[in-house]
Amino acid sequence: MLTALLSRLGQMVLVMFGISVVAFLIFFATPGADPSARIAGRNASQETLVQVRHDFGLDRPLPVQYALMMERLFISRDLTSFVNRGQKVVPTVLEAIPITLSLVLGAAVLWVLGGLIVGVVAGATRGTWLDRTLMILSLIGVSIPVFWLGEVANLVTQSRWHDSWLFSWVPPLGYIPFTEDPWGWFKALVIPWFTLATLYIGLYGRVLRASIIETMQEDFIRTARAKGIGERRVLMHHGLRTSLVAFVTMFGLDFGALVGGGALLTEVVFGLQGVGKLTYGALQTLDLPMILATVIYASFFVVMANFIVDVAFVFIDPRVRDAH
Amino acid sequence: MIETRPKPLVRTSDLSKHYPVGRSPFQRRIVHAVEQISLDIFPGETLGIVGESGCGKSTLGRCLVRLTEITSGSLEFEGRDITKASQRQLRPIRRQMQMVFQDPAASLNPRRRVGDLLADPFRVHEKLSRSEMADRVEDLLVRVELLPEHAQRFPHEFSGGQRQRIGIARALALRPRLIVADEPVSALDVSIQAQIINLLADLRDEFNLTYVFIAHDLSVVRQFSSRVAVMYMGSIVETGPVDAVFSAPRHHYTIALRSAVPVPDVDNRPAQRIILKGDLPSPLDPPSGCRFHTRCVAATSMCRHERPVLSLVDKNHFVACHHPRAG
Amino acid sequence: MPTDKPLLVVENLCVSFRTEGGVVPAVSGVSFSLERREIIGVVGESGSGKSQTLLAILGLISSPNAVVTGSVRFLGQELLGLRRRALDAVRGRQIGMIFQDPMTALTPVHTIGDQIIEQIRAHERVSRTAARKRAVDLLDAVGLPSPDSAVDRYPHQLSGGMRQRAVIAMALSCNPALLIADEPTTALDVTVQAQILELIGRLRDEFGSAVILVTHDLGVVAEVADRVLVMYAGRVVEEGGKGQLFREPLHPYAWGLFGSIPPMHGPRPARLTAIPGSPPKLSQMPQGCAFGPRCAFRHDACAAQPSLGGAGGHRSACFLPQDRRQELRRTLAAGAVPA
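Residue numbers (the numbering used here), protein chains in the order written: chain E, 1 to 324; chain L, 1001 to 1327; chain G, 2001 to 2339.
Don't take each hint at face value.
[To be verified] Residues from chain E that face chain G, not an exhaustive set, calculated with beta carbons under 10 Å:
#1 K88
#2 A224
#3 L244
#4 I316
[What the hints assert, rightly or not] Over the 12 Å line for every Cβ pair with chain E, so calculated as not near, a few chain G residues:
#5 F2099
#6 P2102
#7 D2140
#8 A2171
#9 G2288
[Stated by the list, open to error] Away from chain G, derived, C-beta distances all over 12 Å, residues of chain L:
#10 Q1089
#11 R1111
#12 S1159
#13 A1260
#14 R1295
Treat the hints as calculated values from the structure; they're not laboratory data. Using N, Cα and C, we set each Cβ at its ideal position, and we do this for glycine too.
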């Protein structure tokens, strides 16, 4: 078990190394993407370019460049943005993390609960009007673009009915740190949470429903029924437990991707300065150090989430435990 | 008097098949699926291979037609060594040896018509015109007691027994000398099973086929085979003429296996049933010495340390046991 | 409660499924009764309706398109149409069930101990510790080695035979008066099958359970059953004591079945007396006797549906004259089949 864990950790490090190399090569070694030209600015003289190259170590061999870059990213942490001179990349990313985490964590709680409820209720009442209603609602949830939903939510809560008793509590767009004002943090995020979760509730509800319906055809469900233990227990204790595999896999992947910057649209709509928005801005200005930092950060979360999913499987499914 | 024995069609000596299990190289372990099997299979005979699941009988069958790589030992077909023959070298030999599987549905492409499936072997091995091909396919279908118009149907339109007939027709297409049948009737209902056994027996007489008939059902093997080999954990523990092995088994595993078969007869019940204790040991961690000693009634310390080899106990009857039951 | 009434009375049980092509009958008018401590074997090939009969008795047909009619009285109580709660008081407690494939019959994510405890605690007010103790005792009784540790094992950690023992232990956990076993040994190797059959035979002596054993294997029936039902295409075609039915089977289908099984003793027949053709599709049931199209003795009377008849508890659904049956059977075995 421990060796399995260690080898998995080793794999994680390896994957992240690979991603950092690829990201580095794409942005620094692609022909035409001369970083020194970007740093030196428009119409810079040849001397300035040479100077810049030297200062940033861009005239050294690629592996050295890579090592230098990693050194400045992880050890000295003084890598600065090419665009906003003097802005250190690492602290900027670190500042954005809590915002994104707050957004995604809250939404994740909502969508896991919502997905479970929708999936179980629809799976248990398969073919009834309740099942059909839930599935239509989920389909709508899956289909609504998140930016549209966010804008509508803003329209309603920030302008139309902002002065009514219903939405007067909604703070202006933006993020309020939890450490400063927990209640304010909650109020500022609750609408983004629901907005972001809507899609995933629909998605997870549908996947779980399908999975439960499939599981309920299994032989062991028949055995459970033959034991005379009541349908609710059959469903929750035998059906749901075994249906969670797809659910957990999806959750790991989605959570990792969202924390890694996938919540961009929600962040933009609600004026949250999270990682997604940071990455987006960096890509627009081709701010290479910032891009590199956010990509590595994102890969860390995706890889981490995969790892957590694997560990979760060990608890959900004893067969996985023994396969190691 | 010098006995002139025919040359064996298939000969294996010390044939072994090992394969690794486990995901990472550190946890990899070797399963000895087939261990040092030496067999001669003579033209026209039907060799039954019996044993319980995991005994290696199917792996042995696949080795015999070189559907899987052989780890060590040698395999000869018609006197030619084909142990290491490449797929290209095997191609002409493939016509001579065919396989019939337990689940014909799994080996028939569901999107193709039966006629096309049966024409495949001709496309690969013979240059025939369209009408010649259609004739041959029709002959095959009729020969396995299906109807010519069945060529236009898809595999799923057939019942299990009919699909097995298609599987047999395909194996038969190129007039092979050897057919290895791996549990060909075990997925079928009893009444259908009997039809297929009868069909296989008719084909044997008609085309002078040599069969290797792999099955876990002893009564089916008894009915169909002339000689039988009993396998346990990758090795042959007893082999000989069917009547000898079934009526006077010598190996204690064969004896237990034989007595475990439920007989649909209320008057001729076996006097006493031997019930083997425990389960098959893990093939990853096989017992030392005689593989069967952990469950054997006659095991002694010798059995724990020394591996018995097949030795002659009666005419053509070999047993790998230190303490075989008296004949 | 001592009673001379039968333990289980099944009357005119019918199961059919609504499909796009119309209503398809799976079980048609099956009737039988079972005494206490009796072992009855139900034999048939796939599609004979034997498994559906069992599932219907326990209300386990979950398809919304299934229609189950008739009557199933267990200890005088009608089980068909019973509300779920009342049914659950019977299932698992008074009727235990063993399924065909032990590989898939147990929930993979719970230990076998938890699954047995769950059943005990669903029916009796006992503590978890007491239930666990009983689970260990049961596993011991069905011959699972080292039951103390086996109780905490997951199904996939046990071999097929061991899993089937665990399933049997679970079925026995509330001391049921009736045990229903659907092909309990089909997925097992022959030496393991022998172990399980011996166990099932012992259950009657030690637990006093009656058993309905469904199987396709006549050998298994000969091994453990007292009485035998032979099913074909959803109907019982022959019923009788084991001795009667094995010595002098009355129905041509039973003759064909016996002829299809290669013997383990004596001379080997050159050919097996197989039954020609294949069982009818449920959606295309022939008129009259369903076995007619495969029967060598088919005659005009067979256009009607025969009903079970006969004397001395040995009955068959066939129009052939009773007194000539054994003679006809011998002609079939000799291969001299009338045209």
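Hints and how they fare:
1. This hint is violated: K88/E has a C-beta 48 Å from the nearest C-beta of chain G, more than the 10 Å allowed.
2. The interface hint given for A224/E holds, since its Cβ lies 7 Å from the closest Cβ of chain G, which is under the 10 Å cut-off.
3. Contact between L244/E and chain G, as hinted, is supported at the beta carbon level, the nearest pair being about 9 Å apart and thus within 10 Å.
4. Hint status for I316/E relative to chain G: holds, with the closest Cβ pair at about 7 Å, below 10 Å.
5. The claim that F2099/G lies off the interface is violated: its Cβ sits roughly 6 Å from the closest Cβ of chain E, which falls inside the 12 Å cut-off.
6. A Cβ of chain E approaches the Cβ of P2102/G within 12 Å, the least distance being about 9 Å, so the stated non-interface status is violated.
7. Listed as a non-interface residue, D2140/G keeps its Cβ farther than 12 Å from every Cβ of chain E; the least gap is roughly 20 Å.
8. Interface exclusion of A2171/G from chain E breaks down, the closest Cβ pair being 8 Å apart, not more than 12 Å.
9. With 12 Å as the threshold on Cβ separation, the claim that G2288/G sits away from chain E holds: the shortest Cβ distance comes to roughly 34 Å.
10. Against the 12 Å criterion, Q1089/L stays outside the reach of chain G, whose nearest CB is about 38 Å from its own CB.
11. Residue placement check: R1111/L keeps its beta carbon more than 12 Å from all beta carbons of chain G (closest about 23 Å).
12. Listed as a non-interface residue, S1159/L fails to keep its Cβ farther than 12 Å from every Cβ of chain G; the least gap is roughly 5 Å.
13. With a least beta-carbon separation of about 4 Å from chain G, A1260/L fails to lie farther than 12 Å from that chain, contradicting its non-interface assignment.
14. A beta-carbon of chain G is positioned within 12 Å of the beta-carbon of R1295/L; the least distance is around 9 Å.
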